[in-house]
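**Q** If you want the building blocks of each chain, they are given just below.
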Amino acid sequence: MTIKFSTRVMYVFLCASLILLGTWIPFPANNTLAAGCYGSSCTGLNPHTLGCDNDAKTGPSKTVSENGGQNKAKVENRYSVVCNAEWERTRNKSSGSRYAAGSIRYGCANYCYHQSVSSPGPISYNQVVYTPMIGPDTYTDTRSCGRVATSGPIPIPIPLSNFRCTLAG
Amino acid sequence: MNKLEHPQPKSLLSILSILLLLAIAVAGGLALRPYLAERPAQAADVLQSEQRGVPPSPADSAAQPQPTTRSAEPEPSGQPLPAANGIQVQRVNDTEVSAANFRVQTDPASEQKQAGADVCFELRDSRDWVIWEASFLLDGQDITANEMFSYGTLPLEIREPPVDGQQRVFSFKGGQMTTRWEAAQPGTKGRRCDFLYFDVPPGANFSQVTIIVETLAVNPQEGEECTAAYAGRIQQELDRLESGITVGCVLEEWEGGGSAGVRIVDKPDWMSQGEAEAIMFALVEDVFLDLYGIRGPWVFTFAPEE
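Order-wise, the sequence lines are chains A and B. Each step along the first sequence adds one to the number in this note's numbering, with nothing skipped, and position 134 is 134. Each step along the second sequence adds one to the number in this note's numbering, with nothing skipped, and position 124 is 293.
Chain B on its own, in the form it takes in the complex:
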């Protein structure tokens, strides 16, 4: 056998040398990976879509302390709304929210009417940002405090903030969600759009509708309903009030489902449960919004019968 073609290690030292080289080489390759990567990994079920130009981010990037309203213009980024006319855009607390395409629709099964508009807002990061609280005025009357009232959201599209020039897009249509990756131009922001609607009360006859997005927030994951920051801040506020109330975390499992959050675990004997809850619950929303929310309001008024 020709040694020139098939060199063989003849000692333990040679074998160890080869193993060492193997380790160094693989480590070197792994170290080079980040510099060679051009785009984030994609899940197997994510569909690669055709590359599509993404319009630039909203023009006004500077923070403005007071709400501002801009005239109607084409949707500033990404997928156009179902109807491009009549878009209202407001920037509050450095966050832009738009509303367009006000409509009244009827559920074919129940004949319940829903009235609402397509509402879009900027995403600061890829967490699960949602419209946290909204309210509605019909002809100037707040219907949110009615004896019975309900409103909802139906997602239209979520565009996560781009990573390495790629943007993950979730689209919703006919009860189906699809995901895809698209190329994103520098400066493109994430954005979520929902149909924000309220169930029209019986007999309602309105000439003017005001939709108010009160707050946006990161919707906590089930396992993050009681973070140290959240529970700690509530406890801090309770201590500041010298309430004697102690809170703790709940994370329970019930036959496949479960429960999570913050609850009272101790209180002074003289204090009723109702009194303790009143003190604690009054703090919770503010603490939550301080940590995870953006306060508005973003106010949009439509005159549907004009």
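Same shape as in the complex, but just chain A:
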């Protein structure tokens, strides 16, 4: 009888401990499930393929209008906290299909390093092109530059300029 009682106490204790343990089993946060890289390991990689766009937010942006709005682009810096990485995105806001290109520039005294993209053909209104990512391990700030044009492909990297680039951020 004493042995049975002790076994029951043991089971109860075991169950209580496990219930407590169950409350502590860590769940990964939802926004970390799809991320496939972090920081410098993201450099040169596709933000969508790696899942870094899932939590992306828009940093500095620039809307660039040329030829009276015939060539209009929205240039954005995009960043992911989960991936600790950022990239540039150019959206065609012109009245017709346009070649599009963008660069995220970083490093040196004048942002001499870059990751860039240039569309091989015209893209539609509201369609985007986006660059590979960079991890912020070796620089302090970035500038995102982009443009659209009726002819192309547009040479990359996009030169640094106040007109076509975001403010540093």
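Honestly, I wouldn't trust all of these hints.
Stated by the list, open to error - Simulated pairs of lysine to any residue, SDA-like, Cα-Cα distance not exceeding 20 angstroms: (1) K93(A) x E444(B); (2) K93(A) x M317(B); (3) K282(B) x S161(A); (4) K93(A) x G417(B); (5) K282(B) x L306(B); (6) K93(A) x I433(B); (7) K342(B) x Q283(B); (8) K282(B) x N162(A).
The hints are simulated quantities; they were obtained by calculation from the structure and are not laboratory data.
Position chain B relative to chain A; hints supplied.
**A** Showing chain B alone in chain A's frame:
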């Protein structure tokens, strides 16, 4: 060995019973988790800041169909703007937008001047809401349609809508972004603040500047540039016009980067590509804003030389 101290299962049945109990116990514990949770999980790199009181949400919560302007008063919620004076607040389509601290600054590297103000708007949810379209008047003249024109945003702070009494805050300063969690009082709303500016045209000499936030929108993620709702709605509109145009999704990869969006994949033979694009592109912005945007305008006028 004393059986009282070390009871041993002596049969397969006992082992199975223990395993069953283990499973039930762990499942019970997991089931209890939601009721024991007090706050959302935090990423390892998120900094816990000091608890700070968050002022209540804007007083006017009822929808008002027409734009309204309130007198200048302290910023209604969260981090105060760099300058608290001269705040203009407007509510349009049940969304409050404020503007303050108009200034002209010069980029030290290029000596290009930028003029703008700190613009804040309510966030309806934690998605990536941005100022989607803006325009600017200098002394009543619309400069957005100039031969060459550019404007931009520089984020100052993003406060996501609170979850379980906690609010994630993104702060931007000197090219650096930091994130932290803060306690939020009930009723606190999310809010994003940007320096909304335009590059001052050469020779511009203005006594009155009007900044117009035309639309706000959720900026699509790269993988959501062509949702079924968006592409489907465009196709629906094209079909309603009996255009014969068919659209499809683009999601391409190019050496680490890529492209995404909606494009024309078929059209009548007699229709030129330009004609097809003109028909489709005329629909896209309205469809996009219907699904993901809030239409303004929110209009703010400053007299910088007074």
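**Q** A separate judgement is required for each hint: does it hold in the structure or not?
**A** The hints, checked one at a time:
Of the supplied pair hints, the one linking K93(A) and E444(B) holds, its CA atoms being roughly 17 angstroms apart against a limit of 20 angstroms. The suggested pairing of K93(A) with M317(B) holds, with an alpha-carbon distance near 14 angstroms, which does not exceed 20 angstroms. Under the criterion of a C-alpha separation no larger than 20 angstroms, the hint pairing K282(B) with S161(A) is consistent with the structure, at around 13 angstroms. Distance hint between K93(A) and G417(B) is fulfilled; the C-alpha atoms sit about 18 angstroms from each other, no more than 20 angstroms.
For the suggested pair K282(B) and L306(B), the alpha carbons sit about 16 angstroms apart, so the restraint of at most 20 angstroms is met. Restraint check for K93(A) and I433(B): satisfied, since their Cα atoms lie roughly 16 angstroms apart, inside the 20 angstroms limit. For a cut-off of 20 angstroms, the pair hint linking K342(B) to Q283(B) stands: about 18 angstroms separates their Cα positions. At roughly 10 angstroms between alpha-carbon atoms, K282(B) and N162(A) fall within 20 angstroms of each other, so this suggested pair holds.
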